[in-house]
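Novice: One-letter residues, chain by chain:
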Amino acid sequence: MYKIVERQDLAPNVHLFKINAPEVAKKAQPGQFVIVRIDEKGERIPLTFADWDTKAGTVTIVFAEAGATTCRLATLNAGDSIENFVGPLGVPTHTEKFGTVVCVGGGIGVAPITPIARGLKQAGNKVISIMGSRNKDLLFWEKNLRACSDELTVCTDDGTYGRKGLVTEPLKELLASGQKIDRVIAIGPIPMMKFCALTTQPFGVKTIVSLNPLMVDGTGMCGCCRVSVDNATKFACVDGPDFDGHKVDWNLMATRAKGYATEEKSAMAKSQCQCHSK
Amino acid sequence: MAKIDLNRLEMPRQEPAERAKNFKEVALGFSPEQAKQEANRCIQCKKRNCTVGCPVSVDIPEFIKALREDNLPEAVKALKNKNSLPGVCGRVCPQESQCEAVCTLNKQGGAIGIGRLERYVADWERDNKARMDNKVTLPPPSGKKVAIVGTGPAGLTAAADLAKLGHSVTMFEALHVAGGVLMYGIPEFRLPKAIVQNEVDFVKSLGVEIKLDSIVGKLDTVDELLSNGYDAVFLGTGAGLPMFSNIPGENLNGIYSANEFLTRVNLMKAYQFPAYDTPVKVGKNVAVIGGGNVAMDSARCALRLGAEKVYIVYRRSKDELPARREEAENAEEEGIIFKYLTNPKSYIGNEQGSVKAMECYEMALGEPDASGRRRPIVKPGSEFMMEVDVVIVALGTTPNPLIAATTQGLQTTSHGTVVTDEINGQTQKKQVWAGGDIVTGSATVISAMGAGKRAAADIDRYLKSQG
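Protein sequence lines correspond, in order, to chains A and B. With this note's numbering as the guide, the letters of the first sequence map in order to residues 111 to 388. With this note's numbering as the guide, the letters of the second sequence map in order to residues 5 to 471.
Everything labelled a hint here was simulated from the structure, so no lab data went into it. Accuracy of the hints is not assured; some may be wrong.
What the hints assert, rightly or not - Here are some, though not all, of the chain B residues that point toward chain A, as calculated from beta-carbon distances under 8 Å:
#1 29
#2 31
#3 32
#4 178
#5 279
As the list claims (entries may be wrong) - Label-pair distances were calculated between CB atoms; the ranges are:
#6 164/A with 409/B: 21 to 27 Å
#7 49/B with 193/A: 23 to 29 Å
#8 117/A with 419/B: 23 to 29 Å
#9 283/A with 252/B: 36 to 42 Å
Using N, Cα and C, we set each Cβ at its ideal position, and we do this for glycine too.
Same shape as in the complex, but just chain B (with noise of 0.2 Å):
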């Protein structure tokens, strides 16, 4: 047996300074003998630790030991047997608390790129369309309607699962363009759009037809859709509106929500104003309020648009900082200034109306909160200013009252998401199945995929159920 090796392969990137400018995408992906390299350290254990870590239990053993034998095609089909967007996962899934932290030779600290290997066999398919057998068999019409509302990760995921199984599969988009969070939230340098137009169109080739511009709740609700002819409704509307911490001056131009700032960057393509017609403050000073992926993938457009200087302005320490590592520490490659324990106390605006300042507080940390992390005091007195131009607030979001407020029957939390059984994504309501963003509030774009493939498989077994 040949000698384990834990040298974890690490993936070629752009160069931070080079990368700061541009919106190309970030990671550069493995060559040919790089996937090699890095697939032939799998050690193809018996007990499949990876695939009980990923939420849609992708058979990684057997995708990782097609791609070292060279059957790439095998590979492709081995991995979208169960994820329907390879491409998407292989790039913004958090595998170092998934499939990699389980990986067996973790243990050592060397754990298999699984994510790297996965971008590079969904990469691979992408430019080598014509070799591929791609025509998926589907059987047999079932004469079943299903409805799905929303066209993120869980959407799209259930209507692959869905058509694959026979359903006719409609879905429902209020934006322009369909992917959800992927198309508007994501920036183009972590998830390029063409990446995720590729994943859609694949969903589309099972025969799913999605309607864009179709606020589900405006035109038909969700009864309506049950009455005029739909079997099954899923819901992956996602969490949509943005939290404001109502703070003084937060509504003075230039601050921003996070949602605002990256719809406007990523899916109106306001980084190429005035080509494109939406346009976006750069600023010179940015500050970012929040810690997550989204506060990075705010500090992140924000520089690359030609700010000066990008805070982070987190409330919180380095180590309660909610964003994946790897995020994070892109960010601080590139310049992005991280001002922890520091949380806003008001904004200060300029004669236009435009924000000039931000009063903060310095904070301490206390006693662990109910998050289980430690919760930070203000510490008396300690107020200062900070010279900003734009502010972005990233401090979460929750779900879209719409689709509650005109559904009969719909069981919502105080927090406004849709009570649904844990593991089968039903909810309160006949015919009525939710998952994702809409149930969790936000989490991940894997999460939600893995709740829309549960949901595919409740509705599937209810559609059978029916005759």
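Pulled out of the complex, with its shape left as it was, chain A reads as follows (with noise of 0.2 Å):
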């Protein structure tokens, strides 16, 4: 049993759980990911490290309550359990010093981007930070990321925080500027990592994505996390989750990640989450 030790409301429906873990605290590198099984019952899902912290022996994760699963780890608190939390999974995101890289968050993948921008400023580089989200309500870390970047651009599709705009319009910006960018990494949902490698490609500029297909055991054995890169078929949970976003399948990659939407819906339907009740 993983203990939860913190327990924190980022933003409607998103939330943070600090975990005892203290092997998988001890090995976590930026980019990485544990599987959760909150019980008996429970379904194996894959969540990327959102932070650790080694003397403590915790692990943090961040999730948005989008399926049967993460709804019911919502209604948790500090002080309650998990059965399982396996890691740290998958290869750790390639850091070493390219220069100048521009970290891109949005959603709750702001919470996975800001251990690798810490990662890349350590290693030397310059790093641009761009998060985004749909309103000034979702968003979360905006200081954590900050502390980790030389600049940053905060964006919401509404405009009620920050810029009004997507994050791919800054991002193009900064690659129109002449500034030499080396490297960029994009971590959000499907459409927006996918608009984001569109946005880089004609630059010419590497893009790293974090792919988080659906998952079951997270080591290689099933194949549920097939993706498509570069046209050869690769298990996202070990020969990722970052892949060049130039290569993915993007299309592919958005009907699998629905490929339950029918049994999702009946398992929504069961759970009785608390915290959906508005």
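Take the two lone chains, each set in its own frame, and fit them into one complex as the hints suggest.
Specialist: Put into structure tokens, the structure is as follows:
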């Protein structure tokens, strides 16, 4: 059992758990993920590291209530425990001194991009970050991301905070400004990562995306997380989760993400989610 | 001397029409009278071919003798002396090609039902724990620590043997339950999970510690285990990486590896969705690609989930089917449709990206290939369509590369299997042994157990030589 030592509600339906998992914390690296299973009847879902503390022996995850499991997870509080917490899984984000790197975080993607930005900053890069969300209420961790960035632009779709518009707009301006950008890393919803990749492609700037398809075991055993990259099938759990965004088959990503839409509906109907009472 | 009885006693089973609708065990086991009747047929040969035919050398005549003398505790002891997982082996061992194949009575087609009797004795023990003096006397601790990576049949066997020899054993399991393929792969109706759990509990009762959720290579590596106080490491991580055929459309929704399909159904209990959270697609027309035991398991699971038609699509003919005959027969009785000499060419999806059809070739058999089986050849122009909404690809598995990639000095083959001494399981790396599917590629539960047993003996020899 893995104890939740702290819970924070970052935004409506977005929560942070600090979980006691010293062995995982000891080995965690930016870009890796864990598989979480709440209890005996739970499914196994992947969540990318938002942070970790080797000394305290804790790992931080941030999740949005998106399906039956994340909804059920949201009913837990500090002091409660979850049954399984397996990691660190996947290949860490490749970090070295590239020069200038742009880190783009959309929605809850702001959480996993933060330790990556920190790692890149520590490696001696100039880090320019862009974060975005639908509106002001959904924004979180602006301070955290700013702390590991040389520059930060905040966008909201509706203009209720920061710059009005999508993250791809400041990204495009940066690329077009003539400033040398050596690498872009984008984490967020599938359309956001896809359009970031499409934005950078004409400029020929290598763009890494962190794919988060459905998974079961997370160790390369099942192939549920198949993605197509450069026309070859890859398992996101062991070959990724980071891939070259210019080579990802985004249509396949989007279709496979909806593979259990029908079942998910019936599971949601069943789950007595206290957070979705509104 | 009594007349030799060649009438092999059938074990009662659930009726096909009934069992095709539930996940309960198909075979029901002998009654005490039936067990005794079958045991009484054993002629107690002096030359014990059956024991030689058993990969873990169970003293078969001995346990059968105790059984017919109504001394069940003694039968259990004789069985467990060599085999730590008899409840599993009695159900899934291919006895027909091992102990029963060399049974003296098999010459006249009346081999003793050794597997059935083994199962009977194991089940008796499980039901009569209170009456058994179950305490295994362990020797004083040797002070040596062994790490076992993977809790499948190879690892469990090695763990039990090493613990019985006084060594301190810690097992590392990546999943949330111990048992490996016995838990995630083999379905409930063939091997109830309670039986596996019982065998795992027995291994734990010997003082073996099992660490779940622990991926060696991601947490500590093998090298770190060795430098952190383990004296020896046994690798029994199996062959967990599924193979696909890399034909167009294979990533459409509704197309599973057998590993994924079986893991969802067996380990995650998707057949009880939505009471359990993990879903699985219940197809109307399901095609399983492949002809091995895993293909049979997948097909029979799909049927039980409620599919209308389930096909086994196999590129060779019935004669080359790699599955145990008994399993193929069970599947056929339940209504699985066998499409022999058929191979998929591509998958066709609907607008939502889900598979709706499969284009297949008809095949013919050519000359025997390296495996000794006749090579399947595509019949030109034979393409035809099959309507399918779920496809399960059961074409075999290879070892997960994680251990090899994170362990210095471990030698592997081009198939990703670990190179070991054939007899004692020693790898090229000092203090590291390996056995089971990680060495052989996908094989049987009992051969993995045999490898675990031989490695344990050699690890013990090594540990003792270290003073």
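Novice: Taking the CB of residue 283/A and the CB of residue 252/B, does the distance hold inside 36 to 42 Å?
Specialist: 40 Å, holds
Novice: Do the Cβ positions of residue 49/B and residue 193/A conform to the proposed distance bound of 23 to 29 Å?
Specialist: Because 51 Å falls outside the window, the suggested range is violated.
Novice: Take the C-beta atom of residue 117/A and the C-beta atom of residue 419/B, compute their distance, and say whether it sits inside 23 to 29 Å.
Specialist: Violated - the Cβ-Cβ distance for residue 117/A and residue 419/B, about 47 Å, lies outside 23 to 29 Å.
Novice: CB of residue 164/A to CB of residue 409/B, is that within 21 to 27 Å?
Specialist: Given range 21 to 27 Å: holds, Cβ gap about 24 Å.
Novice: Is the hint on residue 178/B kept, meaning its closest Cβ partner in chain A is under 8 Å away?
Specialist: 5 Å, holds
Novice: Holds or violated: the hint that residue 29/B contacts chain A, with Cβ atoms closer than 8 Å.
Specialist: Violated: closest Cβ of chain A sits about 21 Å from residue 29/B, beyond 8 Å.
Novice: Hint validation: residue 32/B versus chain A, beta carbon distance must be below 8 Å. Holds or violated?
Specialist: 28 Å, violated
Novice: Holds or violated: is there a CB of chain A closer than 8 Å to the CB of residue 279/B?
Specialist: 7 Å, holds
Novice: Any CB of chain A closer than 8 Å to the CB of residue 31/B?
Specialist: 27 Å, violated
Violation of the numbered hints given earlier is confined to hints 1, 2, 3, 7, 8; the remaining hints are satisfied by the structure.
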